[in-house]
Amino acid sequence: MKKDIALVVGAGDRNGIGAAVAVKAAQEGMHAVLAGRTQSKLDVSVQEIESRGGSASTVLADCTTVQGVADIFAAVDALGGHLRFVVYNTGRNMPAPFLEHTPRIIDDHWQRCVFGGALVGQQAIRRMRTNPEQNTPKNVENNTIQPHRGTLIYTGASASLRGKPLFAGFSAAKAGIRAMAQSMADEFAPEGIHVASVIVDGIVNGALVRSVSSLAGLLIKQKGEDGALLPDEVAQAYWSIHHRYPSSQIRELDVRPFKESF
Amino acid sequence: MIIQKMMKNFINEKIRDAQPAKDTEKPRVAAVFDTAISGQRGHRLASELAREQGIETYLFTNQKALVDQIVNDQHQNEKLNGIYLEDWTSETLTQHVDTLCQHAAIDLAIYCPDQPESCGFLELEPNVLRSSWQQTGAAAFYIAQTVVTRMLGYKRGTLIFTGHHSALNATAQHALQAANAASTRMLAQSLAREFAPKGIHVVHLISSESISSSVYWDLHQQHRTAWTQEIVSS
Numbered sequence: 003m004k005k006d007i008a009l010v011v012g013a014g015d016r017n018g019i020g021a022a023v024a025v026k027a028a029q030e031g032m033h034a035v036l037a038g039r040t041q042s043k044l045d046v047s048v049q050e051i052e053s054r055g056g057s058a059s060t061v062l063a064d065c066t067t068v069q070g071v072a073d074i075f076a077a078v079d080a081l082g083g084h085l086r087f088v089v090y091n092t093g094r095n096m097p098a099p100f101l102e103h104t105p106r107i108i109d110d111h112w113q114r115c116v117f118g119g120a121l122v123g124q125q126a127i128r129r130m131r132t133n134p135e136q137n138t139p140k141n142v143e144n145n146t147i148q149p150h151r152g153t154l155i156y157t158g159a160s161a162s163l164r165g166k167p168l169f170a171g172f173s174a175a176k177a178g179i180r181a182m183a184q185s186m187a188d189e190f191a192p193e194g195i196h197v198a199s200v201i202v203d204g205i206v207n208g209a210l211v212r213s214v215s216s217l218a219g220l221l222i223k224q225k226g227e228d229g230a231l232l233p234d235e236v237a238q239a240y241w242s243i244h245h246r247y248p249s250s251q252i253r254e255l256d257v258r259p260f261k262e263s264f
Numbered sequence: 065m066i067i068q069k070m071m072k073n074f075i076n077e078k079i080r081d082a083q084p085a086k087d088t089e090k091p092r093v094a095a096v097f098d099t100a101i102s103g104q105r106g107h108r109l110a111s112e113l114a115r116e117q118g119i120e121t122y123l124f125t126n127q128k129a130l131v132d133q134i135v136n137d138q139h140q141n142e143k144l145n146g147i148y149l150e151d152w153t154s155e156t157l158t159q160h161v162d163t164l165c166q167h168a169a170i171d172l173a174i175y176c177p178d179q180p181e182s183c184g185f186l187e188l189e190p191n192v193l194r195s196s197w198q199q200t201g202a203a204a205f206y207i208a209q210t211v212v213t214r215m216l217g218y219k220r221g222t223l224i225f226t227g228h229h230s231a232l233n234a235t236a237q238h239a240l241q242a243a244n245a246a247s248t249r250m251l252a253q254s255l256a257r258e259f260a261p262k263g264i265h266v267v268h269l270i271s272s273e274s275i276s277s278s279v280y281w282d283l284h285q286q287h288r289t290a291w292t293q294e295i296v297s298s
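Protein chains in written order, with this note's numbering: chain A, 3 to 264; chain B, 65 to 298.
Chain B on its own, in the form it takes in the complex:
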């Protein structure tokens, strides 16, 4: 049975590879998925991209206040849009990304997670472990699935996971943060190996809160003969 399935996957893949990339008449846009329950990093990155790079940019967030703020400031930054998500489940994401993709093609997608406070390992409650995973680790999977599915048709696109230093160096009082960060790092690495040959650039960017959007933009501009998979910024 496993062999049959492998054969089927192999054949489907060959068929897909042989098909030419869909040519899109739709405008190419950027999407920033900020899963943080508070904080301004995703909003700041999306604003900068829209203003400085002139790309139509959509901030997906479940901070209602951010979406309202974007609507209020629309006249100052016309290319910035906010989309409110009730949660980060696969269904909700698919629904909202589908709506966007009726008139746009996501060419640059950025995952931007919450950075939880430090906490003693023994104080981590089961419900905190679980909600943090849903909001950070699992959300990264669903965002990637939603985005990659759509990029595959165009055989192009950049997906950047914003990571954290604890993915490489897990210190005391950061068990949860490190677990989420290391998970996302391996997710990004798996995806790069699976989808780079199909034209999708997957990057893991380790950075602090104050990272500039120009780093993301430079990665997005890289030619496929010299793609970065991992980059560490202080």
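The following block holds chain A by itself, in its conformation from the complex:
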């Protein structure tokens, strides 16, 4: 029998949340598909997964285009397993005063978060609908069976919940996909498809932040020990949303370092 498939859209460097979730899903016995834009980065995670006896594959695609999303799902379909776990993990924070938000910046945010998120969500749900049910314990109270055909998780940020100066574009886009996820959760729960958001609040001690500028490196230092999110630890939260369903139906959770103010 083919392994169930986990797809991470927006898997970059191994030291990021996307790759960490893929590694976790592979550890739990799924075949991980990592969709990203840089082959060499994805290869690192695949090697790690395979060296531990897991299986994974990659697809290079721009998930903000219709064609890119079609490519991703063609690669998934070619594997022949059931797609049961999808994580949409894109969006880049580009702080700018509101009046310096160019049309390009405004559109980029929307495309990365809402447009790409909607396209991937549609393709994922179309496939999950045909999955056989899994985990169907009887609900003791009303004697109903809650099927589980798949889980779809969107990565959010503190900006999903509040808008602040410098973050108008990012915040509008992240709040948009969060609301869309809520609507999807409501629409597809009866079919056993679980849609959730993870609100990541704090600096991720990952490759992206380290590469942006030395300022970010400084920021992480200034946060002190365990002041930044560790991707592998964040991945546990993603997995629990999928794994605990349907006995726990988590539609949203946040993760932040213990000393992060909020």
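Bear in mind the hints are in silico, worked out from the structure with no lab data behind them. In this text the structure is predicted, and so the values were computed from the model without any measurement. No false leads were mixed into what you were given.
With a cut-off of at most 30 Å between alpha-carbon atoms, the simulated DSSO-like pairs for lysine-lysine come out as follows:
| no. | chain 1 | residue 1 | chain 2 | residue 2 |
| --- | --- | --- | --- | --- |
| 1 | A | K4 | A | K43 |
| 2 | A | K166 | A | K225 |
| 3 | A | K166 | B | K69 |
| 4 | A | K225 | B | K72 |
| 5 | B | K90 | B | K78 |
| 6 | A | K225 | A | K43 |
| 7 | B | K219 | A | K166 |
| 8 | B | K69 | A | K225 |
| 9 | B | K69 | B | K219 |
| 10 | B | K86 | A | K166 |
| 11 | B | K72 | A | K223 |
| 12 | A | K166 | B | K262 |
Following the hints, position chain B against chain A.
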């Protein structure tokens, strides 16, 4: 580089803050930006403001028929004016608002979006997602940029975003509506935090189609010691 830019922005801001507000000889007017492709809400709000509050009011719309109607009815509501926009891009907005601002100062601006019909998530076509964003989400950014830029000089003005209940409670079959509504809500919140200290009152008003213009007017009249940022009306 980021540090240099932050310093530059900080200094520019301090210079701006130290300058006195421009005193305007121009009449203060209201502008209603109705981005809906059909429907009468923006037109109704603008008509009420002009008639009941006596403020010169401009309806920006890309429904040509509404502009024609306003011209035909001019004798009944002299303070109501219609401005036709071909689209909601930054360039088009800037051009038309500049023309208006040669002889007027926008003191109250209202964003009034389309309320899309409910639709199953899987039936949302990519081109619908995109055009709805351009017409609703992106338009809100450009309207705000155009208006805020001009209000900053006077250090006063009210910008009200008309929102939708799905911004707070996204239900099945409303994915697109909810995404646009939640986006606009966060935009309004970001702007309030950025521009309230500069004298500009930014409000997110959640309401149904039948909201009365008096709610907008009351918000516009609020003293800055007690500004509302969000208001929910049934």
